[in-house]
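Fit chain B to the known structure of chain A by using the hints.
Number of protein chains: 2
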Amino acid sequence: MRKPTLKDVAEAAGVHSATASRALNPDTRAAVNAETARRVLKAAESLGYRANPIARSLKTARTRTVGLLIPDLTNPLFPPIVRGADDVLSERGYTALIASTDNDPERERRLVDSLVSRQVEGLIVATARLDHPLLEQLHAEGIKIVLINRRSESLDVPSVVPDDASGVTQAVEHLVQLGHTRIAHLAGPHTTSTGVARSRAFRHAVRDAGVADDAELIVECEYWQEDSGAAALGTLLDRGADFTAVVAGNDLIALGCYDVFAERGISCPDEISVIGYNDIPLMDKLRPPMTTIHIPQFDLGAEAARMLLGCIDEPSRRPGSVLLPVTLVVRGSTAAPALTSGSRAGSR
Amino acid sequence: MRKPTLKDVAEAAGVHSATASRALNPDTRAAVNAETARRVLKAAESLGYRANPIARSLKTARTRTVGLLIPDLTNPLFPPIVRGADDVLSERGYTALIASTDNDPERERRLVDSLVSRQVEGLIVATARLDHPLLEQLHAEGIKIVLINRRSESLDVPSVVPDDASGVTQAVEHLVQLGHTRIAHLAGPHTTSTGVARSRAFRHAVRDAGVADDAELIVECEYWQEDSGAAALGTLLDRGADFTAVVAGNDLIALGCYDVFAERGISCPDEISVIGYNDIPLMDKLRPPMTTIHIPQFDLGAEAARMLLGCIDEPSRRPGSVLLPVTLVVRGSTAAPALTSGSRAGSR
Numbered sequence: 001m002r003k004p005t006l007k008d009v010a011e012a013a014g015v016h017s018a019t020a021s022r023a024l025n026p027d028t029r030a031a032v033n034a035e036t037a038r039r040v041l042k043a044a045e046s047l048g049y050r051a052n053p054i055a056r057s058l059k060t061a062r063t064r065t066v067g068l069l070i071p072d073l074t075n076p077l078f079p080p081i082v083r084g085a086d087d088v089l090s091e092r093g094y095t096a097l098i099a100s101t102d103n104d105p106e107r108e109r110r111l112v113d114s115l116v117s118r119q120v121e122g123l124i125v126a127t128a129r130l131d132h133p134l135l136e137q138l139h140a141e142g143i144k145i146v147l148i149n150r151r152s153e154s155l156d157v158p159s160v161v162p163d164d165a166s167g168v169t170q171a172v173e174h175l176v177q178l179g180h181t182r183i184a185h186l187a188g189p190h191t192t193s194t195g196v197a198r199s200r201a202f203r204h205a206v207r208d209a210g211v212a213d214d215a216e217l218i219v220e221c222e223y224w225q226e227d228s229g230a231a232a233l234g235t236l237l238d239r240g241a242d243f244t245a246v247v248a249g250n251d252l253i254a255l256g257c258y259d260v261f262a263e264r265g266i267s268c269p270d271e272i273s274v275i276g277y278n279d280i281p282l283m284d285k286l287r288p289p290m291t292t293i294h295i296p297q298f299d300l301g302a303e304a305a306r307m308l309l310g311c312i313d314e315p316s317r318r319p320g321s322v323l324l325p326v327t328l329v330v331r332g333s334t335a336a337p338a339l340t341s342g343s344r345a346g347s348r
Numbered sequence: 001m002r003k004p005t006l007k008d009v010a011e012a013a014g015v016h017s018a019t020a021s022r023a024l025n026p027d028t029r030a031a032v033n034a035e036t037a038r039r040v041l042k043a044a045e046s047l048g049y050r051a052n053p054i055a056r057s058l059k060t061a062r063t064r065t066v067g068l069l070i071p072d073l074t075n076p077l078f079p080p081i082v083r084g085a086d087d088v089l090s091e092r093g094y095t096a097l098i099a100s101t102d103n104d105p106e107r108e109r110r111l112v113d114s115l116v117s118r119q120v121e122g123l124i125v126a127t128a129r130l131d132h133p134l135l136e137q138l139h140a141e142g143i144k145i146v147l148i149n150r151r152s153e154s155l156d157v158p159s160v161v162p163d164d165a166s167g168v169t170q171a172v173e174h175l176v177q178l179g180h181t182r183i184a185h186l187a188g189p190h191t192t193s194t195g196v197a198r199s200r201a202f203r204h205a206v207r208d209a210g211v212a213d214d215a216e217l218i219v220e221c222e223y224w225q226e227d228s229g230a231a232a233l234g235t236l237l238d239r240g241a242d243f244t245a246v247v248a249g250n251d252l253i254a255l256g257c258y259d260v261f262a263e264r265g266i267s268c269p270d271e272i273s274v275i276g277y278n279d280i281p282l283m284d285k286l287r288p289p290m291t292t293i294h295i296p297q298f299d300l301g302a303e304a305a306r307m308l309l310g311c312i313d314e315p316s317r318r319p320g321s322v323l324l325p326v327t328l329v330v331r332g333s334t335a336a337p338a339l340t341s342g343s344r345a346g347s348r
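As you go down the protein sequences, you meet chains A and B in turn.
Following this note's numbering, the numbering of the first sequence begins with 1 at its first residue and continues without gaps.
Following this note's numbering, the numbering of the second sequence begins with 1 at its first residue and continues without gaps.
If you're looking for bench data, these hints aren't it; they were derived computationally from the structure.
Note that the Cβ used here is the ideal one computed from N, Cα and C, for glycine as well.
Among these hints, one or two may not hold up.
[Stated by the list, open to error] Footprint (simulated), chain B over chain A, 3 or more residues, beta carbon under 8 Å:
(1) 115-127
(2) 175-185
[Unchecked claim] With the C-beta cut set under 8 Å, the calculated list includes, among others, these residues of chain A facing chain B:
(3) 35
(4) 39
(5) 41
(6) 99
(7) 100
(8) 133
(9) 137
(10) 328
Same shape as in the complex, but just chain A (with noise of 0.2 Å):
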């Protein structure tokens, strides 16, 4: 099969090479009526015609491509903010390519080389850690970082997060307005921002509602998942320790709560209310509906990648961080503890 050149997409929608060139390339594509270039994108698709974007970017020393790193593409937190950043750098002409490390600083490394060395003209990044030296090293490098929903420490990049101090605090809020008294936490891991944020701002919510601060009642989860989840509120139960409520780190740390009820028939929220954070797609289907803090995902993306492009087109603009509200949303997740409920966990 002869591959098609410009001329034949020019002819195949009956309009001059230069229209087509102009139609086809995102840049320029508003010089051109959008009939007519409806009609030469059309052609272009029908014929298979690929522009030869090498070509473009020596010209233009633009690859207009840019990178995402996804800590974990598995979680359904990061589709809808990659969904997010797509659609705007998709509008401007750029494409996104998408890297999941699987929580795996070797891999990760692997994946940073194979971007930044085919040229990326800059990275979304989702995968921070508190103390991640390749970040540091590629921003010293001068590669351009948006860091997304987590932040990294003595790295002083632009970043958009969701306000974890407020979205905790609501979460605390509505269980003591309900009468819980003992609320647990299933902390995120602390080598990441939000696992550090969201338990420090737990802390400060108990006590400020001037119910238990008791340290016994936070348990760290190695890793923002399921299995983590489970085993930390395995944990607090075998101890015997005494809670009507648990603010989850993350949804997924709630579901692994939701396993734990299930395998030992505790009832939720009858016996232990239970609320998450990120609202992840289909919690509000769940047995019971979850109490969650939403955070606006698509926007977080999208944020970022408007950021980010900002810093490509001017690169001596410094951002400055983004701060997303968040809502608590009330599901069926949390309800007034039992009147027997001091004893409760004790008598299991």
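Then chain B, alone, in the frame of chain A:
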């Protein structure tokens, strides 16, 4: 910050540079003592060392990168598939760059341009449509392609797909055994092989089971998405169609049915049973837990990655297509039809 060199890594790990180099290269790592390799990788990570993959690929003429084309990353089917592929590729020292096309042919064309111009060694493609000129073009250009989940007509490349005929037959037989005689099918888009194959299998299965084979009971959904599923079920109900069970093209279409049930106060499974397809994460935790066809998501990805690596290693090899077995998982969304069911839908 000075960029760390191979020598720095070797010194930090207390080994010779040649050893460090072997340990850092996945192809030669096995030649190094495992404990030494771990020390070198740890030193590389803590120094933020990155190999120069362009130099390496100039030497070997291989980029060790593979592209994964996904139609919609927010469909929870795909992250586990990506994970399966990623794990196999990673073990072999490959990195996977993931691209989500959002079912948009123009975006797909740009993403493919971006991947191919960055010399990926092959593509794993989950976006195939039955008529797909871009894929035909890529194949004609000699780019190695393995199709996953879906096939394309007139494209002679290997594929890894679930055994859809078996899956749909199991679904129909389960409903017939429960006593259903009028079963509807909310089909996936007929632009995809999965949409066509599952629809065809449905017609065969109802005929073979001797229950209603009524074209009125089949509605094609525009996308493999919840809102398309909700719209299709709404159409059937508004039309007064007579049915007591639904075989949905995939889990998201079945989730769209859940939405309609909630809106219209229809009880599932008491009034209408529904079966999904794929067994995406969390289907076991829904209200009601969803009966669905489980497909081996991780294995689909892993098998496709193995196939692609096989084609890369032995360019003359032409592996056939692989059909992976699927299993019915009975949960709470299917039950025997109510006695008065014959007139139920019509009376709405």
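Checking against the hints above, which ones are violated? 2, 3, 4, 10
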